[in-house]
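From the two separate chains plus the hints, produce the assembled complex.
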Amino acid sequence: MGSRQRLFWCSDPYDLPASDSRFVRATADNCAFHIRRCPEYAAIARRLGFSPDQLKTVEDLAKIPPIPTLFFKRHAVFSMPERWPVAMRVTSSGTSGKFSQVNFDWGCVLAEVPMILRLGWRHRLISPVPANCVVLGYKPDKHNRTGVTRTMFGLTFFSPPLRRTYALHYENGTYVPDLDRVIRDLEGYASSPFPTRIIGFPSYLWFGLKRMEELGVRLKLRPGSRILLAGGWKQHYAQEVEKPRLYALARTVLGVEEDHIHEFFGAVEHPIFFNACPRHRFHIPAYSRVVIRDVETLEPLPMGKVGLVNLISPLIKATPVTSVITDDLGYLEQGDACGCGIPSPTLTILGRVGLSDITTCAAGAAQLLGKGEGL
Amino acid sequence: MIFAHGTVLPDADLPALLDSLEDELNATRANLTLEAETVVSAIDALGRRLDSGALDHLIAQFATPNMLDSLAQIRPALCREALEDKLKTELGPEALSPRPRPFGRARYLPLGVLFHVTAGNVAGLPAFSAVEGLLTGNINLLKLPREDKGLTLAILSQLTDQEPRLAPFLYAFDVPSSDTATLKRLAALADGLVVWGGDEAVRACRGLAPPGCKLTEWAHRLSFAYVAGYEDRETELTALARHIVRTGGLLCSSCQVIYLDTEDWDRAQAFCRDFLPILEGAAREGRSPGQAAEATLYSYETLLEQAVDRRDFDDRFFPGRGCSITLRRDQELELSHLHGNVLVKCLPRRALLPVLRRQKGRLQTAGLLCARWDREALSAILARAGVTRITRAGHMSHTFPGEGHDGEYPLRRYVRVVDTED
Chain A
875 MGSRQRLFWC SDPYDLPASD SRFVRATADN CAFHIRRCPE YAAIARRLGF
925 SPDQLKTVED LAKIPPIPTL FFKRHAVFSM PERWPVAMRV TSSGTSGKFS
975 QVNFDWGCVL AEVPMILRLG WRHRLISPVP ANCVVLGYKP DKHNRTGVTR
1025 TMFGLTFFSP PLRRTYALHY ENGTYVPDLD RVIRDLEGYA SSPFPTRIIG
1075 FPSYLWFGLK RMEELGVRLK LRPGSRILLA GGWKQHYAQE VEKPRLYALA
1125 RTVLGVEEDH IHEFFGAVEH PIFFNACPRH RFHIPAYSRV VIRDVETLEP
1175 LPMGKVGLVN LISPLIKATP VTSVITDDLG YLEQGDACGC GIPSPTLTIL
1225 GRVGLSDITT CAAGAAQLLG KGEGL
Chain B
11 MIFAHGTVLP DADLPALLDS LEDELNATRA NLTLEAETVV SAIDALGRRL
61 DSGALDHLIA QFATPNMLDS LAQIRPALCR EALEDKLKTE LGPEALSPRP
111 RPFGRARYLP LGVLFHVTAG NVAGLPAFSA VEGLLTGNIN LLKLPREDKG
161 LTLAILSQLT DQEPRLAPFL YAFDVPSSDT ATLKRLAALA DGLVVWGGDE
211 AVRACRGLAP PGCKLTEWAH RLSFAYVAGY EDRETELTAL ARHIVRTGGL
261 LCSSCQVIYL DTEDWDRAQA FCRDFLPILE GAAREGRSPG QAAEATLYSY
311 ETLLEQAVDR RDFDDRFFPG RGCSITLRRD QELELSHLHG NVLVKCLPRR
361 ALLPVLRRQK GRLQTAGLLC ARWDREALSA ILARAGVTRI TRAGHMSHTF
411 PGEGHDGEYP LRRYVRVVDT ED
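First to last, the sequence lines map onto chains A and B.
Start counting the first sequence at 875; every next residue gets the next number (my numbering).
Start counting the second sequence at 11; every next residue gets the next number (my numbering).
Just chain B, with the same shape it has in the complex (with noise of 0.2 Å):
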C-alpha cells in the first residue's frame, strides 16, 4: 500500500505516482509553507482524540500489548506543551523565526525533502521519524519496514485528517528493501536520507543516498552499567535488575555488560554471585507462564551458546531462573545475550577511556552506579571516552524530556540555516 496526497492507495498506482513525484514535490516546496504551529495543533488534537476514546477501533486493531505500553508511554508527548518545549530545546528559543545578524538575517528551513527508510522493531517508529520531519517543516517520504502492517499508514490517514494541510508533506510507501530501483528513485529526490537500524540497513542505505543527499544514521548503540560504589547498594542494584529484565536488553539504552570498577577476579565473581538472586527477583516481578517458559528458554539458550560458543574462554557462568550472568576475562563492550541474560567485566576506572575508545560512535548510556562524591570525576571520564547519556541505575532507559538522542538533537539534522543580506 502507498499513502499519498492523504489517502492510501493501491500497490498498482505506484509507478505513477512515482513518475509524477518530482514535479509534486517541486510544486509543494514552491508554493507552501508548513508551520511548526499547523503540526503541533494537529498533533495535539490527535492526543485529545486518543485520549476521549475516538481511536479505540483503531488501537483494537493494531495494538498488541507492547504496543498499549508504548502508546501509554507516549501519551504525554502527544501534546502542545511537550512538543513545543522539544522545538525550543532543539533549534532554540525562537525556533524557526528569522533571527538579526549584522549582515542581514539567518533562519532556519526545512531542508526540503526527507527519505525515512525506518526499522520495525519499535512500534510507531516511522510515524514518529514522520513527525519530526514535520515539525521541521519538511517534505516526508516513508520507507515502511516489513512488520508495519498497516499501522503507519492509519496513523498518517489520522494526521492528515484531523489536518487536511499536512496531505501534501507525507508520502509512505509499503515497498520491500529488496526493491532497490523504486529506493534508488525516492532517494533521488531527497535532500536528507535518516536510516533507523543495524550496520545492514545503514550500509545499504548510504549506498542508496546520492552525492549532496545528508545522510542521518539513527544505528544501533551499547549501553552498559558501570559500578563504581553505591549511593544504596540494595537499591541500585534492584532497579538495575529490572532495568536488564525489563528491556530485555534490547533496546541501545539496555545494560549489555556491567563493568565492576576492579581487576580483582574473586571480587567480581562475589559480585555475581551476590547480584544473581537480586536479578532472579527482578525476572520474577509479576510475569504470565508464557514470559516464565521465555524467561527460561533464553536463559537455557544462553548456557548452551556458553558451551558451544565459548569453549576455548574462560568464562564463569552463573546460571539463574528466567536469568543468567556470565563473568568474562575480557573488557570489551559488546552485546550480551540479551533477555535477561547480562554479562559482567572487570574494568577499572584507568581503563575506561582507552576500552570505551573501541567503539567509538557506538556508545550511548552509561548506568553509573557510585558513591555520591566520586559521581562527578566518574561522568567526566565516561562522557570523555564518548558516551552520550550518564543515568542512573535504573534509569538507562528513561526518556528525559529536552534529551538529546545519540549525542545530537535531531531537528536540528532535518533543517538548514539560509543567510540572507539586507
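Only chain A is shown next, with the shape it has when bound in the complex (with noise of 0.2 Å):
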C-alpha cells in the first residue's frame, strides 16, 4: 500500500497527531512526483529551493511551494500525461470566467472512498433508508464538468436515491433554473412515506424557501429528511447574520430541524471533504492541514492570526495540487475551543480578497466624457 493509500485508509478522520508522520511521508512523495512528472512544478520548486527530502515534521509543510489558484487558472499543469487514462477532468465553476482545470487519477480516487464513508458516517450522513433527492444546483450533463455538479451528484449516493429532481436544467446551450418545478415535487415528497433529501447552494436554498414562504407553502417533510449545503466557498464565507434566518426559515417551511441540515466545503484544487460540525465549524480533517499566511510576506501565522488560506493535502497524483494557496482570508482556532468534541483545529473562511483577473483593459475604455483619473 502506497504512503497516500496508507494516509487515506488508516487515519482515523479527526485524529491529526495520529496522522501526522503518514501525512508527512504521503505528501513528501507526493510532492517528489509532481517534481518528477510536471516540468512546471518541478521549475517551481528549483526557483524557491524546495525539495521533498526537506519535509521531516508537519511543520515542514509550510516549506512545500504553495502554488495560487489563479496560477491553475492561467496554467493547465499536469503531472500525468493527458493520453493517461484518468479517473476525472473537473473545473472549477470559474465565477470570474476563468477556471481552473484539475485531473483527478484512479489512486485519488481510491484514496477518497474512505475519506467519504468515514466522514460521511462520523456526521451520520449515510442512511440505509431510501430517499427522494432534491438537487438544488446543476443537473450533471456531458458540457458540465464543474466539481460542484460532481459533488452534489455524490452526495445524493449517502442513502439509496429513489429520484432526484434538479433545479437547473441544461437547455439550449445554458442551464435554465426551474425552482417551481421543484417546490412542486417537494410537495409530492412530503406525502411521500420516505425521507427527503435536499442538496444544493445554499444561496439556492435561501431563495427557494423565500419562494415557498411567499406562496404559502408549508410542508412537513418525513423524519429523516436532511439538508446537505455545498458550493464553492463563496458560500461559506462568515455569515453569523443569514445562517440563522436559513435555518429558521427551513423548520418553518420544511420542517427539517437544524441538527439535520449540513455544511460542506472544498474547492477543486483541494477536494478534501471538509464538514461542518453540529457548532457549524469546519474542523481540519486528518486529509488535510491548512497554513494561514502572512499577507505581505506569506510567511506562516500562528493560531488565530488572520491572513491567506493555504490548503496542503497529497491527495492528487495528476495535478499539482499539493499545496494550494487561496485568494480567501481565514484564520485557524484549536479544536477544543469549539466544545463539539472534535478536537481537531477548525478554519475559518472570512471572505475573497477579490482577485479581479482582468488580462486586459478590453475596453480602450470610456475616457468617460471627463478629467480625472481614466478608464
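What the hints contain is simulated information worked out from the structure, not anything from laboratory work.
Pairwise CB distance ranges, derived in the manner of DEER restraints: (1) B:71 - A:1017: 28 to 36 Å; (2) B:279 - A:921: 13 to 21 Å; (3) A:980 - B:209: 34 to 42 Å; (4) B:245 - A:963: 51 to 59 Å; (5) B:68 - A:920: 49 to 57 Å; (6) A:1049 - B:209: 24 to 32 Å.
Cβ coordinates follow ideal geometry from the N, Cα and C atoms, glycine included.
Next up, the structure:
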C-alpha cells in the first residue's frame, strides 16, 4: 500500500497528531512525484529551493511551494500525460470567467472512498433508508465538468436515491432554473413514505425557501429528512447573520430541524471533504493541513491570526495541487475551543480578497466624457 | 431582460420584439429627430438628481467601491458644459447645424442605427457608449455584457423617465454572446456596429456585421513609459509608480513596459534597483489587508510565472513587497504581469520607431520622462511611431477634456455628412 492510500485508509478522520507522520510521508512522496513528472512544478521547486527531503515534520509542510489558485486558472499543468486514462477531468465553477482544470487520477478516487465513508458516517450522513433527492444545483450533463456538480451528484448516494429532482436543467446550451418544479416535487415528496434529502447551494436554498414562503407553502418532510449544503468557498463566508435565518426558515417551511442541516466545503484544487460540526465550524480532517499565511510576506502565521488560506493534501497525483494558496482570508482556532468534541483545529473563512483577473483593458475604455483618473 | 419603449421587459418578449423591430426603427427614423439639446438637458438633469441624493437607492443597489470611484470621476462630465464642449470639440463649432457650401449645404446627420457590443470591465460603459450614440442622434441597440447585472437597465430607465423623448432611441438586450442568431438579427438592422473589447470580441463582431455596416472598433491598446531623463527625478518616478499600482495595468492607458533610453544592461539593472523601493512605497499606500493580500498574491504569481514560463530566458527579476519588476532583454511592447508587476526594457531612441511600429494599431499612451529640452523631439518621434497620447509620467490614465479616443473623435464616427444641392 502506498503512502497516500495508507494516510486515507488508516487515519481516524479527526486525529491529526496520530496521522502526522503518515501525512508528512505521503506529502513528501506526492511532491517528489510532481517534481519528476511535471516540468512546471519542478521549475517552481527549483526557483524556491524546495526538495521533498526537507519534509521531516508537519511544521515543514509550510516549505512546500504553495501555488495560487490563480496559477491553475492561467496554466493547465499536469503530472500525468494527457493521454493517460485519468478518472476525471474537473473544472472550477469559474465565476470570474476563468477556471482551473484539475485532473483526478484513479488512485485519488480510491483514496477518496474511505475519506468520504468515514466522514459521512461520523457526521451521520449515511443511511440505508431510501430517500427522494432534490438537487438545488446543476443536473449533470456532458457539457458540465464543474466540481460542484460532481460533488452534489455524489452526495445523493449517502442514502439509496429513489429519484432526483434538479433545480437547473441544461437546455439549448445554457442552464435554466426551474424552482417552481422543485417546489411541486417537494410537495409530492412530503406525502411519500420516505424521507427527502435536499442538496444544494445555500443561496438556492434561501431563494427556494423564500419563494415557498411567499406562495404560502408549508411542508412537513418525513422524519430523517436532511439538507446538505455544498458549493464553492464563496457560499461559506462567515455569515453569522444569514445562517440562523436560513435555519429558521427551513424549520418553518420544510419542517427540517437545524441538526439535520449539514454544510460542506471544498475546492476543485483541494477536494477534501470538509464537514461542519454541530456548532457549524469546519474542523480540519486528517487528510488535509491548513497553513495561514501573512498577507504581506506569505510567512506562516500562528493560530488565531488572519491571513491567506493555504490548503495542503497529498490526495491528487494527476495535477500538482499538493499545496494551494487560495484567495480567501481566514484563521485557525484550537479544536477544543469549539466544544463539539472534535479535537482538530477549526478553519474560519472570512472572505475573498477579490482578485479580478482581467487580463487586458478590454475596453479602451470610456475616457468617460471628462476629467480625472481615466479608464 | 430587455429594455425597449422606455421600460424593462422580460426575456420572453424578445421574439416578438425582434419581429417588429425593423418596422419600429424605420418609423422612428422617418418621423422623429433627436436633437443633441434634448440629450444634453436630460443628462444634465440626471447629474443634478445624482447630487441631490435622488438616485442614492440605485447607488446602494449596484455600486461597488470601484464604481463609486468611477462615478465620482465621471460626475463632472454629466453636465451641460462638458457635453456641449465634447460636441463642439469633436464635431466642430457648429456641431449639428447645416453649413453653407458652394453647391448648397452640408450637414452632419446620425448614421442611423448603432448596435453597441459592449464590454464588462468598466461599470457604466454600455450606458456611456449609448450616450455617445444619443448625442449624435442615433437609435442605439445595446448588447449588454454578462457582468452588467441590471446597472445599464437602471441607468437607461432613469434617462427615459427623465426625458421620454429618448425612449424610441434606446434598446438594450441581455443576450449571451453565444446567441449569434439574435446578434446577427440585431446587426442586420444596424448602420454602424460599435464593439468594445479584446481581439476575440472584435473578431466575432467582424463576422456579425453585414457588408455596408460601418464598424467602429474600440479594441484593447498597449501603453508604456519612456524614460530618457528627468525634470524632477523623485517626483516623476513616484508619480509613475503610483500610476502603475493604482491602475493595476488593467487600462489601455496603463503602463505595461518602462522603456529606458539606453542599451546598457548594467544601467538598466541599476534603474530597477532604484525604482523598486519607489514602487513598493506606492504599493503600500493606504491599502486594506485584503488589498495587501491581493498585491502579495499577484507578485508571488509573477514570481512563479517567471520561473515556469520564462525558464529559457535571461530575465532579471526584482521581487518587491506587493509588486515586482522584471528586466527583459528583448524590446517588444507587451502586456506586463499586471497588478503592480511591471516590465523594464532597454530601447534607445533611435530604435523607438521600428520597434513600436510592430505594434501598429495597438499603441495608445506614452508617459514621457525626459529633460525639458528633450521633450519636443521625443514627443515627435513617439507620435511618428503611432502613439496617440503623450503625457507626463503620472498622468497616463488621466482623461483630459476634449481629448480623442484612440486617435479619433468618436462622435465623428457616429455621423455621416449629407451634402444637399440647392
